[in-house]
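*Asks:* Residue strings, one per chain:
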Amino acid sequence: MWCFAWIEWAQSRRSMLWTFVWLLALGVAAKLVLGPFAIGIALLVALVSVPTSLGAGTWSEEFTTGAARFLYTLPVNRHAMWWIKLASGLGSSIVFAAVVMAAVLFTPSLIHTLDAQDSLLSFMQTRYGLGPIATLLSFGGPALLISYAIGLLVGVTVSSPKALRIVLTVVTIVAVIGVSTIGTLLFVLGIAPGPVGVAVVGVCVFAILLAGAYLVFLQRNPYDDRPLRWWPWSIGSVAMAFVALVVGGVTAGIVAPGPWSGGLTATSVVRLDPSPDGRHVAGWTTQLLGVSGIQLFDAYGNRLHNVPEVMQPAVVAGASPWQSHHGRTLLFCYRPSIVNGQTAFSIVAIDIDTGETLNFPWTAEASATHQFLAWDPDARRLYTARLEYGEDGPSVMHVSGRPDQPAADTTQQLGAFDSNWAVGTYSAGEGRVILEASNYGDGASGDTEYRVYDAQGEFVTTYRAPDDLEAAWVVPDRPGLLALQRHIDGDRVERSLQYRDLLTGEGRTFLERNDFESFSVSDALSGRPPFAWVDLIPAFGRPCVLVRTAVNGAHESVLIDLDNNRRRVFRDDDVGLGDEQTGHLSIGSSVSAGGRRLLRVASEFDDDTERWRYRLAVYRIDDDAPPYTMAYESAGPFSPVWLGDDSLLFLAFDDGFGDAPPRLMQIDLTASHPTPQPWGPPETSGVDGPTGPAW
Amino acid sequence: MSAHTVEIAGLEYDYPGTQALAGLSLSVLPGQTWGLVGNNGAGKTTTLQCVMGLLRPTRGTVRVFGIDPYAQPREVRRRAGFVSEADAPYDWMSVRHLRRIGRMTFDGWDEPFAGELAERFSLDPKKKFKSMSKGMVTKSKLLYAMAHRPELLVLDEPTSGLDPGSRFQLLEMLDELRTQRGVTTLLSSHNFQDIETAATHVAVIAHGRIAWRGTLRDVTERSLFVAVDADTEAPPPGVCVPTPSGRQCLIDDRHAPEAKAWLAEARPSRQCDPTFDRMFRFLTTGNPVPEDEMMAAPQRVPGG
Numbered sequence: 001m002w003c004f005a006w007i008e009w010a011q012s013r014r015s016m017l018w019t020f021v022w023l024l025a026l027g028v029a030a031k032l033v034l035g036p037f038a039i040g041i042a043l044l045v046a047l048v049s050v051p052t053s054l055g056a057g058t059w060s061e062e063f064t065t066g067a068a069r070f071l072y073t074l075p076v077n078r079h080a081m082w083w084i085k086l087a088s089g090l091g092s093s094i095v096f097a098a099v100v101m102a103a104v105l106f107t108p109s110l111i112h113t114l115d116a117q118d119s120l121l122s123f124m125q126t127r128y129g130l131g132p133i134a135t136l137l138s139f140g141g142p143a144l145l146i147s148y149a150i151g152l153l154v155g156v157t158v159s160s161p162k163a164l165r166i167v168l169t170v171v172t173i174v175a176v177i178g179v180s181t182i183g184t185l186l187f188v189l190g191i192a193p194g195p196v197g198v199a200v201v202g203v204c205v206f207a208i209l210l211a212g213a214y215l216v217f218l219q220r221n222p223y224d225d226r227p228l229r230w231w232p233w234s235i236g237s238v239a240m241a242f243v244a245l246v247v248g249g250v251t252a253g254i255v256a257p258g259p260w261s262g263g264l265t266a267t268s269v270v271r272l273d274p275s276p277d278g279r280h281v282a283g284w285t286t287q288l289l290g291v292s293g294i295q296l297f298d299a300y301g302n303r304l305h306n307v308p309e310v311m312q313p314a315v316v317a318g319a320s321p322w323q324s325h326h327g328r329t330l331l332f333c334y335r336p337s338i339v340n341g342q343t344a345f346s347i348v349a350i351d352i353d354t355g356e357t358l359n360f361p362w363t364a365e366a367s368a369t370h371q372f373l374a375w376d377p378d379a380r381r382l383y384t385a386r387l388e389y390g391e392d393g394p395s396v397m398h399v400s401g402r403p404d405q406p407a408a409d410t411t412q413q414l415g416a417f418d419s420n421w422a423v424g425t426y427s428a429g430e431g432r433v434i435l436e437a438s439n440y441g442d443g444a445s446g447d448t449e450y451r452v453y454d455a456q457g458e459f460v461t462t463y464r465a466p467d468d469l470e471a472a473w474v475v476p477d478r479p480g481l482l483a484l485q486r487h488i489d490g491d492r493v494e495r496s497l498q499y500r501d502l503l504t505g506e507g508r509t510f511l512e513r514n515d516f517e518s519f520s521v522s523d524a525l526s527g528r529p530p531f532a533w534v535d536l537i538p539a540f541g542r543p544c545v546l547v548r549t550a551v552n553g554a555h556e557s558v559l560i561d562l563d564n565n566r567r568r569v570f571r572d573d574d575v576g577l578g579d580e581q582t583g584h585l586s587i588g589s590s591v592s593a594g595g596r597r598l599l600r601v602a603s604e605f606d607d608d609t610e611r612w613r614y615r616l617a618v619y620r621i622d623d624d625a626p627p628y629t630m631a632y633e634s635a636g637p638f639s640p641v642w643l644g645d646d647s648l649l650f651l652a653f654d655d656g657f658g659d660a661p662p663r664l665m666q667i668d669l670t671a672s673h674p675t676p677q678p679w680g681p682p683e684t685s686g687v688d689g690p691t692g693p694a695w
Numbered sequence: 001m002s003a004h005t006v007e008i009a010g011l012e013y014d015y016p017g018t019q020a021l022a023g024l025s026l027s028v029l030p031g032q033t034w035g036l037v038g039n040n041g042a043g044k045t046t047t048l049q050c051v052m053g054l055l056r057p058t059r060g061t062v063r064v065f066g067i068d069p070y071a072q073p074r075e076v077r078r079r080a081g082f083v084s085e086a087d088a089p090y091d092w093m094s095v096r097h098l099r100r101i102g103r104m105t106f107d108g109w110d111e112p113f114a115g116e117l118a119e120r121f122s123l124d125p126k127k128k129f130k131s132m133s134k135g136m137v138t139k140s141k142l143l144y145a146m147a148h149r150p151e152l153l154v155l156d157e158p159t160s161g162l163d164p165g166s167r168f169q170l171l172e173m174l175d176e177l178r179t180q181r182g183v184t185t186l187l188s189s190h191n192f193q194d195i196e197t198a199a200t201h202v203a204v205i206a207h208g209r210i211a212w213r214g215t216l217r218d219v220t221e222r223s224l225f226v227a228v229d230a231d232t233e234a235p236p237p238g239v240c241v242p243t244p245s246g247r248q249c250l251i252d253d254r255h256a257p258e259a260k261a262w263l264a265e266a267r268p269s270r271q272c273d274p275t276f277d278r279m280f281r282f283l284t285t286g287n288p289v290p291e292d293e294m295m296a297a298p299q300r301v302p303g304g
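These protein sequence lines map, in sequence, to chains S and F. First residue of the first sequence: 1, per my numbering; consecutive thereafter. First residue of the second sequence: 1, per my numbering; consecutive thereafter.
These aren't lab readings, by the way, just hints derived from the structure by calculation. One thing to keep in mind: the hints can contain errors.
Unchecked claim - Restraint ranges, calculated between C-beta atoms of paired labels, are given here:
no.	chain 1	residue 1	chain 2	residue 2	range
1	F	ASP124	S	TRP2	50 to 56 Å
2	S	THR19	F	GLY23	51 to 57 Å
3	S	TRP9	F	ARG120	45 to 51 Å
4	S	ALA207	F	ARG96	39 to 45 Å
5	S	TRP9	F	PRO112	25 to 31 Å
6	F	ASP124	S	LEU218	34 to 40 Å
7	S	TRP2	F	VAL241	52 to 58 Å
8	S	THR19	F	GLU176	47 to 53 Å
9	F	SER131	S	ALA207	42 to 48 Å
10	F	GLU176	S	ALA207	51 to 57 Å
11	F	LYS130	S	ALA207	37 to 43 Å
12	F	ASN40	S	ALA207	42 to 48 Å
In this text, all values refer to a predicted model and were calculated from it rather than measured experimentally. We put the beta carbon where it would ideally sit given N, CA and C, even for glycine.
Using the sequences and the hints given, assemble the complete structure.
*Replies:* Set out below in structure tokens:
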């Protein structure tokens, strides 16, 4: 046996060094030129093509040159020969795979800086709770073993086809298909899920392939065989052509512009989240394996902006994922990971212009949410308030830190409340936090207070909502409230809209008492005050408020810029969003990124059809152009999304049950007759078609 | 335990669509050197491969040292040396590598003897097989087959490709091994001179069977070609082929009692002494001895 081991070693080492050098150079070059895409190619090469070719070549030289006959004349156990060759082939496959992967993973890219391998490993950590080694063992290991065994089976069968060997091969393949199917079913049904299930099924498939190859090998006798001497070249050529085709296809799919640009992932957009400047959109997507991830679309380029797998499995962070400062746009994401068997989230910010990632290693339980994210580009510091719900009630932490200085992170508890309290937090600008806490316990009618904390999480001041405060809204990134205030004058009640600075206590009135219709105390007590609807619009870039009310029987809306008190008045009746008493319900409003258009959505119940109708109105707010209106009938409401240069509007229709991704429509508002057109993301369909989007 | 080193009985071997051996039987005693001769495809190589346990007999039995070589190949191969044109060491190997393999493989590997053989065969120990001539490769295989001092040598056309000097050297060495060490040898060759030089016994293989076996002396002293008329009714005690005038038969001493009676009845008209060449042609091709080589009969009776 030792003699054969020596022969195998002496034979294997002949070209080992050059193969190492060749693979190393190939991996380095691929990573330099292709960047993170090279990792996918390297995985294909390392886990599929190299092991397969090594498997097919395990006995090729022996069976085609007469060396096998020489070996058979030795007083050596042929079973030992098999296992030594097998160990050698598998060992070589593993070493070669390691060389390829090491070359790719440890080489910086010249054109891409996104940390793909980190994201890949993070994906495995999140999805399956696996570290790098466990990932390799669970997924890469079986892939490599199976690839090698396939090559081995094909190699020992094809090189000398005989009926019995072909039968053995077919039986093996049938068994592999059967086990794979059963394994897949077990995986899908959740009976054997996760990496252990995958690894077990993979090893079973490998074992079957190996057993089949072994039986075929035992049937072989080089003194009886009639080898087909042409097979290594022909089969090798076919195999290489196949591998080249796959690699070429994958590479083209990844790097070439077009529908598949950015990756071969089946994607359906479940939510579009535009950047403040409208140049980019984060699409929340559903991937093939049901893993939620993100794809970035360039609003102007009609293409994916970044590699999807780089973003996976991160999900766009909560209410304010985009931060745009000094011309740089950051997208904040949650990156899930498994810590002590529990899912936790850290925060990663991606500069979508440079690809730079900023990692904030704060982790929080899955139940925690960050109510906002405020990025100070000058101090390179991120501020947020983390709300966690425990068994006793909500608690709030103020967290801030720098990505490059973890030691500079600060965490300060702002408060812990019992379960009678509802808590919300808001960014008050400059790292400050406004904590809104309302007590609804014991039949209390909403005792609300607002606390302000500074950038270090230190308490600054508090403001208790007075009894005559009808409603209040925290103005984004301002230490103030927009308050709908009631004023009782005799038996009449009047309203005003005021901004109150919580730090200075100063107030500023935007809508006076006579801007609202007054009503009686009895109406107030009976809960039937006149309609007054206030909508803060944070997407405008500047704090604005849209107030809709009825004045002298006519419904009108006024849009007010809180910074400069500029205002624009719209008559709702003109666009069919009229009388509240007829069943209209306002749903929402938003201003386009460029600030030139305002849209409003309202719903109305049609008694004749007994269906809800949804109406959309779009106004030009930088001039007096007539508004554009349209109506839809839908089982559920739709969410409008502004993109690009204010001229593109996307509507996401949801079935209301969350069972299917929303249907997307696009409206080109610059067209003479804007008409909604069906739209799919670049990966699915319709990108280049006549009805495709302009971006 | 059988006294025979090699004992083959009713050996049959089928290749797909071809029967290579059709009931071959042969017994080889220790110290004998058997030359196997026959046309291409007669079954010589298949026989030797069955002896080495490289092929599994379709029917019949093979015993080497009393062991089934296919069932226990390692036991046989440890005690036997095998040279074949069919196998080839890796082309990156050299004689030095072969000697290393020999040391690791055979308990009885005689390294000084290996060195001596390398010297006698003028082998460059570092030269790789891919740059060797066919004769050099054969010599290297011979070194590898002999240096572990085997009790049995199975040589399939070992002189093929050898230069005359090396060929003579090899045949001389085989004789030495037989006479000094009692080595048993099975030697196949197309060269009658090799057989006549090295073999103590000859087996002519035709159509997968032993057509004739015996010593070299048996050929010339105990065999006889005779020609008889076609109307001779008594069955001949030997192998006969038809001729235009009747039949020509090869009779040897194993059939001597019947031969005398048959000769008396058949009254052969002509006869001749069988040379090895004549016998081989007669047995393997079925062609009678040319008429002009036959002489008036009777001159002698085989074995008489």
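*Asks:* Indicate, hint by hint, whether the structure satisfies it.
*Replies:* Hints, verified against the model:
no.: 1; hint: ASP124/F / TRP2/S: 50 to 56 Å; verdict: 26 Å, violated
no.: 2; hint: THR19/S / GLY23/F: 51 to 57 Å; verdict: 52 Å, holds
no.: 3; hint: TRP9/S / ARG120/F: 45 to 51 Å; verdict: 31 Å, violated
no.: 4; hint: ALA207/S / ARG96/F: 39 to 45 Å; verdict: 40 Å, holds
no.: 5; hint: TRP9/S / PRO112/F: 25 to 31 Å; verdict: 27 Å, holds
no.: 6; hint: ASP124/F / LEU218/S: 34 to 40 Å; verdict: 38 Å, holds
no.: 7; hint: TRP2/S / VAL241/F: 52 to 58 Å; verdict: 56 Å, holds
no.: 8; hint: THR19/S / GLU176/F: 47 to 53 Å; verdict: 48 Å, holds
no.: 9; hint: SER131/F / ALA207/S: 42 to 48 Å; verdict: 43 Å, holds
no.: 10; hint: GLU176/F / ALA207/S: 51 to 57 Å; verdict: 54 Å, holds
no.: 11; hint: LYS130/F / ALA207/S: 37 to 43 Å; verdict: 38 Å, holds
no.: 12; hint: ASN40/F / ALA207/S: 42 to 48 Å; verdict: 46 Å, holds
Going through the hint list in order, the structure does not satisfy hints 1 and 3.
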